[in-house]
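Going line by line, the protein sequences match chains A and B. Residue numbers 1 to 135, in our numbering, belong to the letters of the first sequence in order. Residue numbers 1 to 135, in our numbering, belong to the letters of the second sequence in order.
These aren't lab readings, by the way, just hints derived from the structure by calculation. Nothing here was measured: the structure is a model prediction, and the numbers come from that model. Mixed in with the good hints there might be a few duds.
Said to hold, decoys possible - Once the Cα atoms are required to be at most 35 Å apart in a straight line, the calculated DSBU-like pairs of lysine-lysine come out as:
#	chain 1	residue 1	chain 2	residue 2
1	A	K45	B	K49
2	A	K33	B	K9
3	A	K134	B	K19
4	A	K45	A	K71
5	B	K33	B	K9
6	B	K111	B	K134
7	A	K78	B	K78
What the hints assert, rightly or not - Chain A residues, not near chain B, derived (Cβ > 12 Å throughout):
#	residue
8	I6
9	G13
10	D14
11	A40
12	R90
13	I132
A virtual CB, placed ideally from N, CA and C, is assigned to each residue, including glycine.
One-letter residues, chain by chain:
2 protein chains.
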Amino acid sequence: MADDCIFCKIIAGDIPCNKIGENDDFLCFLDIKPITDGHALIVPKKHFKDVMEFPKELDEGYFAFCQEMAKKIVGTVKADGFNLGMNNGRAAGQIIFHQHTHLIPRFDDDKLESWPHKEITLEELGELQERILKS
Amino acid sequence: MADDCIFCKIIAGDIPCNKIGENDDFLCFLDIKPITDGHALIVPKKHFKDVMEFPKELDEGYFAFCQEMAKKIVGTVKADGFNLGMNNGRAAGQIIFHQHTHLIPRFDDDKLESWPHKEITLEELGELQERILKS
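From just these sequences and the hints, can you work out the full model?
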């Protein structure tokens, strides 16, 4: 548990949440500022700040828990799909520095727009590939 | 391998890609329609359609591979953060029905906007929680 971490306090029961599921490793609760109905957060009970620190011992149950929560949420709100999203760092929209996954139910008519794509040539893409491979 | 799956064909080497990493279970290549520089896809070599079908045997190496790719990409493009995103179903923006994770580098000045949040009362949130818990 990290001092001054709101998610650690929620996990410890010191701050209330709208819990919808948990197991030994993860807690799932509704986001109080939802993007769509049923928007939930999947939070590891152990504190670590972001995806880069996601510890190996949690890997095994991660997707199984996401699947279990998605099934319940999507079924209840009658969604047509869902996004799983992890924001890593402030520039990526991370606000709470206790790693978490957004589970956002999606609806055919929700009008949420994907981010725009950039124009890039195959040559530029190849140059970037080379730089990454050499890094 | 699934017939008529573009990602299976890329994995088999029948269609080229800008590969930047791979291991026994996953392949990572640059998105040809990037949202930001370094936008990459992390694709399991085994075909399954979406997050709901993510098989247990792949869990163990998933985050380790994402971390490895994120480190290389973020370092090369000098990003300030990154998003990991999985779109499940057409309503969520999934276009290729071979599960994949978007790794999107983020920059302090990239001006990509988060989706808007809805207003919801704590009472409404509590009612939704009850419905999910009873489902």
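Now the hints, each set against the structure:
Using a Cα cut-off of 35 Å, the hinted pair A/K45 and B/K49 holds, with the two alpha carbons roughly 29 Å apart. A threshold of 35 Å between alpha carbons decides the hint, and for A/K33 with B/K9 the separation of about 41 Å lies outside it, so the pair is violated. For a cut-off of 35 Å, the pair hint linking A/K134 to B/K19 stands: about 12 Å separates their Cα positions. Annotation: proposed proximity of A/K45 to A/K71 holds, straight-line Cα distance about 21 Å (limit 35 Å).
For the hint pairing B/K33 with B/K9, the CA-to-CA distance comes to about 18 Å; that is within 35 Å, so the pair holds. Proposed proximity of B/K111 and B/K134 is contradicted: the alpha carbons are some 41 Å apart, above 35 Å. Taking the CA atoms of A/K78 and B/K78, the gap is near 40 Å; set against the 35 Å cutoff, the hint is violated. No Cβ of chain B comes within 12 Å of the Cβ of A/I6; the nearest lies about 16 Å off, and the non-interface call holds.
A cut-off of 12 Å between C-beta atoms confirms that A/G13 is not in contact with chain B; the least separation is 16 Å. No beta-carbon of chain B is positioned within 12 Å of the beta-carbon of A/D14; the least distance is around 18 Å. Distance to chain B contradicts A/A40 as a non-interface residue, since its nearest Cβ pair spans about 8 Å, not more than 12 Å. Not every Cβ of chain B is farther than 12 Å from the Cβ of A/R90; the closest lies at roughly 6 Å, contradicting the non-interface assignment.
Not every C-beta of chain B lies more than 12 Å from that of A/I132, the closest at about 5 Å, which undercuts listing it as non-interface.
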